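Please build the complete structure, drawing on both the sequences and the hints.
There are 4 protein chains.
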Amino acid sequence: MIKSRSFASDNNSGVHPQILKAIANAGSGHVVAYGSDNYTDRAVKKFRTIFGKDTEVFFVFNGTAANVLALAAMTKSYHAVICSQFAHLHMDECGAPEKFTGNKLLTIPTLDGKINLEGIKKQFAGQGDQHHVQAKVISITQVTELGTVYSVKEIKAITKFAHENDLYVHMDGARIANAAASLGLGLKQATRDLGIDVLSFGGTKNGLLFGEAVVFFNTKLAHDFKFIRKQGMQLASKMRFIAAQFDELLTDDLWLRNARHSNRMAQLLYNELQNIPGIKIPRKTVANSVFAQIPKKVISKLQKEYFFYVWDDEKSEVRWMTSFDTQEEDIFAFVRALRKVLK
Amino acid sequence: MIKSRSFASDNNSGVHPQILKAIANAGSGHVVAYGSDNYTDRAVKKFRTIFGKDTEVFFVFNGTAANVLALAAMTKSYHAVICSQFAHLHMDECGAPEKFTGNKLLTIPTLDGKINLEGIKKQFAGQGDQHHVQAKVISITQVTELGTVYSVKEIKAITKFAHENDLYVHMDGARIANAAASLGLGLKQATRDLGIDVLSFGGTKNGLLFGEAVVFFNTKLAHDFKFIRKQGMQLASKMRFIAAQFDELLTDDLWLRNARHSNRMAQLLYNELQNIPGIKIPRKTVANSVFAQIPKKVISKLQKEYFFYVWDDEKSEVRWMTSFDTQEEDIFAFVRALRKVLK
Amino acid sequence: MIKSRSFASDNNSGVHPQILKAIANAGSGHVVAYGSDNYTDRAVKKFRTIFGKDTEVFFVFNGTAANVLALAAMTKSYHAVICSQFAHLHMDECGAPEKFTGNKLLTIPTLDGKINLEGIKKQFAGQGDQHHVQAKVISITQVTELGTVYSVKEIKAITKFAHENDLYVHMDGARIANAAASLGLGLKQATRDLGIDVLSFGGTKNGLLFGEAVVFFNTKLAHDFKFIRKQGMQLASKMRFIAAQFDELLTDDLWLRNARHSNRMAQLLYNELQNIPGIKIPRKTVANSVFAQIPKKVISKLQKEYFFYVWDDEKSEVRWMTSFDTQEEDIFAFVRALRKVLK
Amino acid sequence: MIKSRSFASDNNSGVHPQILKAIANAGSGHVVAYGSDNYTDRAVKKFRTIFGKDTEVFFVFNGTAANVLALAAMTKSYHAVICSQFAHLHMDECGAPEKFTGNKLLTIPTLDGKINLEGIKKQFAGQGDQHHVQAKVISITQVTELGTVYSVKEIKAITKFAHENDLYVHMDGARIANAAASLGLGLKQATRDLGIDVLSFGGTKNGLLFGEAVVFFNTKLAHDFKFIRKQGMQLASKMRFIAAQFDELLTDDLWLRNARHSNRMAQLLYNELQNIPGIKIPRKTVANSVFAQIPKKVISKLQKEYFFYVWDDEKSEVRWMTSFDTQEEDIFAFVRALRKVLK
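Residue numbers (the working numbering), protein chains in the order written: chain A, 4 to 346; chain B, 4 to 346; chain C, 4 to 346; chain D, 4 to 346.
Please keep in mind that the hints were generated in silico from the structure rather than gathered at the bench. Keep in mind the model is a prediction, meaning the values are calculated, not measured. Mixed in with the good hints there might be a few duds.
[Unchecked claim] Here are the simulated lysine-lysine pairs, BS3-like style, with alpha carbons at most 27 Å apart: (1) D:K139 with D:K223; (2) A:K125 with A:K79; (3) D:K223 with B:K223; (4) D:K287 with D:K56; (5) A:K223 with C:K24; (6) D:K79 with B:K223; (7) C:K318 with C:K307; (8) C:K299 with B:K124; (9) A:K300 with D:K191; (10) A:K307 with B:K48; (11) C:K24 with D:K24; (12) A:K125 with D:K124; (13) B:K307 with B:K346; (14) D:K49 with D:K191; (15) D:K191 with B:K79.
Written out as structure tokens, the structure is:
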């Protein structure tokens, strides 16, 4: 039997009760469709309060779209996007970026999921050469796909290089809340203040039922985004229900409480694992995931009780993620189950 | 002040209380993401019970995507889609079909929103000629964009012609529930049994919070749809919440009760309008809309109280739609307001 | 037996002897590929001499590409192109514009192949509305697909409206030489001076072996065209051979001599047909084509000797075109053959 | 002054005299456009004589198109193409494959330009997983971009693996003539007999003015290629002029004579370089190129006399290519110039 709260991913969790309540509160009565409603107005205002008045926000259905449409707003088809070899954009979107934007993704090898100037410079080649795609965007994921978190300094180095070279910087912030919590920064400090041009602001993995926001700090990139979103099949008719969720998430720091909680749970799991022999933890836990190398046989045994993903088959490395609703007893039960199968 | 229940569109309404409850019931606990969960299994089974065992169902976020991805499953980029000049696909998707599929839409002039063999044959030309796009799909909207409903005979004539000529038939069923209710047919009788290959089954306009289903009766067209959906940015991570809504909608004929109710409300409005001088009703109401030609001045006055769309500026024709939650008193209040501005 | 010089199309003819000689002269020795060569420099300079110093010119392989890539330079994917229902772009490119640009083509009904402000204004709708494609380009064909020629006044009205409304004007000039000859205008007078932004300058139908030029008068649209051309698969490695042909075509008015000749031949055919009963000529010949309505039976009989296209099956209307190499005796022989089958 | 015959690329050369003659012979008289002519028939027959009766051949303008359209014939947009990190397809087409096909290219690191099963297997992952692009084609370049030539055994290993795993194999044969000459194989032996599904058969680099052929041995992939070519903007109206060139190239082994000659010239250059100190030749010359690592200063000095490309800036590696028209005295003059600047 699969346990009701597992460690497969933070999108295996359900909806935060306050979010559900916000949806229910928005549920009756008629409002104009497609975002011309008070719920959307209010949510957009909240984004502007947090990120700065001159911020443009557009809601979309999911993270794939937030990322791909953000790129579409920054590029022409002959442009290229520099990103990590592990970028979700590159590995897990079934070619959605190539299909919608025509862009090539120029990937950088990395051990910890982060990219740096050395790698970026190798891919930043052939500018002006008509045979070569033209790099236009650097996309970084924060928290990275390997559970690491870019420091302020690391991001600033990237955005500085980008802007000196007429490139934009996109942040895939599917877990930006967890990153900000980990860094002890506010949302604006963790994004706009570091020079990010466009942010994919994640909601689904932080307790929303569905919904992501594309947030433009470089607002000249936003002027025709409503058409890109519509042609990209991402304009919700009952927009109020995405807006109401984000409104709630940004009220009284619900986003932060959720992120801190899941980070803390991952830390707890990480700490517990220190005491278990036969497990190798390749990277320190700084957000809401733990990666662990465990014997192959143990994986399949444990998966009978808990659904989770093998991250790297060759290294026998698995990924465990915590969520806003993970409980301490879930961790302890999981660790007990792990100890059992390890024997 | 805009009234809380207006007549602008059936997507201006909120969520049906039972649907909201279904969402809440699915809201806690962890399940595997992306559709590998019991909620999705159960919803798919319900579709199969209704439409036949050999039916393939895929949930997507909205109607744009249901239509465009359905076309993508049926076409290559040099293909063309024959549809009405008023097809939502053509008029209201900001070019999403062209962008995603590369297809040209071959439109047919129509007075009542329906297309027929005469029009189709005019566009069905140049097959085999490399200079010409190759028609591959006929797409019909049921209920049509002009509020009319194709008869069984009309659809059968189209599907017969299509299949004799190696074409597929797609039905944009954003309001298929209203059409089935209007025709007194079951869902299978109103779609599969008439020869439809792929159906966009509408949820949002019949009381869902969000969510549409792409339903394949011609199942060989479905074999790679999961990749098309993912690359089309329409794979929901928390899929259970679309599935749970559809499960509820298909339980105890909620879909039919909602559709019948909104149809009845439109009929009531239609009947009331008969007695008001100065209004021309171009088409009999058979589903959940009333189109009316009223003096231009009256339009703007009425819009101060009720938000609704002008359908045809030249003809001074407006569209009023009813919804699952429209009440008799809403109709009467609206008619009173209309009478007042008409004076 | 098909006659060696027929009247099917001006692309059924071969290469003008001077053009062939220019190719041969450029044929030996090494030059840098992809356009960084003296032949290309010289040809570009010739274009600038004729069209104005601030002209940008790019050579491509064929007319499909000249038109489609020109549109790509003027649009984003959610834009739309307003054109005639008969536009080659719309009817004869197998959907190439939709595939490469994502644009929707908004077509205007026309009897004589020309579009006018009345028609354009009907399609120029929904600007700013996110549900609607955004018209950005008006494309006109000169000579039109129906053999007519826009007057200076007609084009100026279109370009004035366009520029007042933030639209660009593209001219499909596959037969611009014939149009200029017909109007008694220079090339610049017939294009740039009328307000055209981007011109597809036809070579193949005026005696070249292959090759068309995309000519930018609105040079800000050209700044990244080299990437669009390369990604559009239209960068010739041995570019010198397109350049050398255009150089020759623009030398000593070869373009004009060819165009005048073919126009005159069409006029001769047109005059001869006046005297033949049973033939209806729907439009006066002003360039290098004659359209004629002749009995269906006669068509097939004549086609045994001469290959040509039926333009409109319903009207039994055929198209006969003359070319730079059409001879008076070809006309007379054709007319004799026609008279014979008409008996 | 740049020398009239340089070593920059085999597309810096002009047209072989026999090819030019063939063009001239086809130059006058009218024939039906778009390939329905005797020249095209005859050329296609010649391809079938050489490659087997059940071969389908389509002419296109250039190599970019031959490769990209071949891929389009084999893939849907969610598919992926496995190729070398140096594949021309990946490095030098400005993103044309991504734009036209939507495919992701999965690249394999290589030192000698060849890919092998070890590398292929690493990229052949995630089949059936909706999040992952679906590998469908392996594309190999013969001669490779690094001047090496796959052996019969190496190609057979790749095609065997491909066909066992439901993949197609595409060969970018821009220099297939040089490879066949190097291997001592006939054209069919070097392609079809090794299991290749679709071949891009290069003409331009072997003495043609322009023109490449897409050759289908797996003919079921060809059934709709005429539409793909037309929508891909690659249908030549005066097709006879590509056809006549290929006809000539395939007559009396002109292709082989040209290839052997250029290979021999490269071998001569390679041999001469052995005796010059300060030059490192990383790979043995087996076809018509020599790669050499020479001091950076020497490069710029030599480029004053001879235009050529730096292949790898970091390694100070340059590429010199020979052509059908390279003469022994060109080699000796070049070597003298090189010796001079090396001093």
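Checklist line | Violations among the numbered hints | finding: 4, 5, 9, 15
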